[in-house]
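Participant: Please model the entire structure based on the sequences and the hints provided.
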Amino acid sequence: MISQHLPILQIVVPLLAAPLCVLLRQRHAVWAFALGVCWASFGVALALLLRVMNDGPLVYELGGWAAPWGIVYRLDPLGGIVLLIVSGVAALVLVFAPRVLDQEIPADKHYLFFAAFLLCMTGLLGITITGDIFNVFVFLEISSLSAYVLISMGADRRALLAAYRYLVMGTIGSTFILIGIGLAYMMTGTLNMADLAARLGDVHETRTIRAAFAFLTVGVSIKLALFPLHVWLPNAYTYAPSMVTAFLAATATKVSCYLLLRLVFTVFGVPLVFDEMRLAAVFMPLALMAIFVASTVAIFQTNVKRLLAYSSVAQIGYLVLAFGFASQAGVTACVIHLFNHALMKGALFLALGCVAFRIGSVDLEDLRGLGRRMPWIAALIVIGGLNLIGVPLTAGFISKWYLVMAALEQREYWPVAVAMLFSSLLAVAYVWRIVEVLYMQPPRPSDLQSDQREAPVPLSMVAPTTVMTLGTVVLGVYPTFTVQVAQRAAEFLLGVAA
Amino acid sequence: MLSPGLYNYWIVVVLMMAGFYTLISRGNLVKKLIGLNIFQVSVFMLYISMGKVQGGVAPILIGEMPAHGHAATHAAHDIDSSHDLHHDVHAKESPPRHPNESEGVLSDVLPQIDASPSLSPAAVQLAELQKTGDATIVYSNPLPHVLILTAIVVGVATTALGLALVVRINEQYGTIEEDEIHVMDPEQP
Amino acid sequence: MRGRCLIGLVDILLITLLAATALVIIAVRDLFAAVMLAGIFSLISAGLFTVMDAVDVAFTEAAVGAGISTVLMLGTLMLTTSRERRGTARIQILPLIVVTLTGAALIYGTLDMPIYGDPQAPVHHHVAPEYIADSPHEVGVPNIVTAVLASYRGYDTLGETTVVFIAGTGVLLLLKRPRREAGAEPTKNTSGDQNQTASG
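Chains as they are written, first to last, in our numbering: chain A, 1 to 498; chain B, 1001 to 1189; chain C, 2001 to 2200.
Everything labelled a hint here was simulated from the structure, so no lab data went into it. The reader is advised that the hints may include incorrect statements.
Covered by chain A, per the in silico footprint, the following chain B stretches (three or more residues, Cβ under 8 Å) [what the hints assert, rightly or not]: (1) 1033-1042; (2) 1046-1060; (3) 1141-1154.
All of these numbers come straight from a predicted model, not from anything done at the bench. By construction, the Cβ of each residue, glycine as well, lies at the ideal position given by its N, Cα and C atoms.
Facilitator: Here is the structure:
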């Protein structure tokens, strides 16, 4: 009986857990409770993914009202894997959380922090699993507002302005999405995504629908941090608490990418988007600029968190490039990279969190000789960096491989393939900066002295970092799982849009 | 001639852009949030404009609730009796009722919405589709109203959060002007 | 006929007032005045909503937009400052371009819209007629908006409640004064912070 209601349990469990966290003030109890809830959500997401892979798309009517009069949940393999990413990263980050939070946030606010965290996760899960476009807006707002709150909790006072800027830009994005929903509704009369797709066939030549698509795309692109709308991201990721950066970097932009895929392929359909509106002509150049400009700016950063934030902007460029190919191979590559990047970036930011915990800073200057001071964490950072470059035996290589294959499949895109390979050189440049400081430079005597005084990084922090980093290696060597799910996701996505 | 056509939408677009301009051009953090509010309210006006039907009334059922046999029966009966407290004049009238005598709750406040004689054929068709039991009452579309009710609440929640951030920023920096904040903490690339 | 003329006139009057209020808000530098004008904007738009048959939305906008928002902003002004600095009052080119492009895209989008009040519009012929026809016996409430909000699309309402909850949690997280507890002040500031108000 429970298995019938799994789709709604995925959302309701963390949703109801959040107010319970607020009631349950004691911070250790709240952490344990939140941890349990996140692992339970991970279990549900895994069960849902397996069911969707075996039995096909799931439909769940909320309240028993049929679509389009009620809200309906619709899950396909693409949604399934995104659910897995969000809940999995949340579960690992929460294991990481307690010690690092003690350092960064006042103890009497932890219970509120965990409530906000659970709601952020709920919002992201809600966007992924729903089949109703206005429901997407509501859950987008839930996840966005919680993200603003979480980011503002950073210890540095610049976190506040970063959160405010993100709030302003994010709300502009949400309002654009609302405008887009309104325009699409005006011409079709429905809010259910499948129904909308069916009815758009009659009205897709109208200027209103084109404007609707434009506003929806721009709104989602702001949330996705696609160049040039990425300006909120570097500050937000740099100044947020380390576990928040790890969580958001691995999930928020991925869910926005999912939303874009859903809108482009399921709702509006390839003919309208790529043939009539020629989205590829706009997105490909922007994606390439994202990759090159962001990677270049990353090379000159002195704060490693900021460097990785720019690297994220570049990786988002790869995602957009992949689905810009509008082919099954392109979408497969996009989904594979979605999963792998979540893992890579999550691992890197968790490792940086360990570093910040131990030495109190993430400036390159202060990381000198870390290879000797914190050998295991330094090794994990290097593995993460290898992923970003795309060295064989890492998950990053699998992503790059599929991306290049998707580019080469369509004859006219081979310059893009070359550009992608060239951009890996830029990644080498910024990863080398980190590696050089970690291993080639001797540690300062003052650092060695202060290291004696600091406690070693606890297992609760090292373990999730290790799991995620080694996960990237395992998936680099045995990519079957990711590739299979991605291929199935692409089939469904492109099949439905026919 | 007084039917605004598309003109209504254009004015709403102008209002949206006024709010949007305030949001992105002003440096004062509170002014930005005021601009955001105006932007959002104008978007709501766009939605509500699309729900209006010429010659329609607010989507609150006028008159007796039609008979039914659910568990909702009791609830409806109770509502009907309180309905009657407001306008017991037509409690036993038989349909179709002439809309000019309609005594929906708002009829004392709003000018008579002159529905029947000038309902266009399209509106009559719509009334039939709405199955209201009276072919001359047309209701405006309730769905945009529902969406906007949610959006209004989301908007105020965002404003509240933004204002809390502004208060904290003021505590830390002593100012709420972006330019002055950049002087204190210079922007990095 | 007279009724229709009257509504049309009220419509035009309200919209003109709204446009005037919006323009004054952009220009005025006294934040207190700007907040009050924003409250007036909300109230007039509530009037406009009533004219457009959206009575639920009208009183929600009046209560939430003109009421709560105004109070929150006044509270913020009390805690911060009440004048906008001169210098940001000049016309800025890049925002103007962005705004013009967005406005143009929107107006482009309006060109194929059904005209205001058209009963033939697609929105009135799908989903909504069934709400109006079936809600009396399926839900049993005379206010159809309530029926949709609380029953057919009740899940969105749950989401909306959650949004309010997260806003409350956020405000608590940001503004709650920490109690004097062992090890409770890790806030480190980068550039010497002369304005840190005493917390606790």
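Participant: Hints first: check each against the structure and report whether it holds.
Facilitator: A quick look at each hint next to the structure:
1. 1033-1042: It holds: at least three residues are needed, and the stretch 1033-1042 of chain B offers 3 whose Cβ sits within less than 8 Å of chain A.
2. 1046-1060: holds (count 3)
3. 1141-1154: Coverage by chain A holds for the stretch 1141-1154 of chain B (6 residues, Cβ < 8 Å).
The structure is consistent with each of the numbered hints, conforming to all of them.
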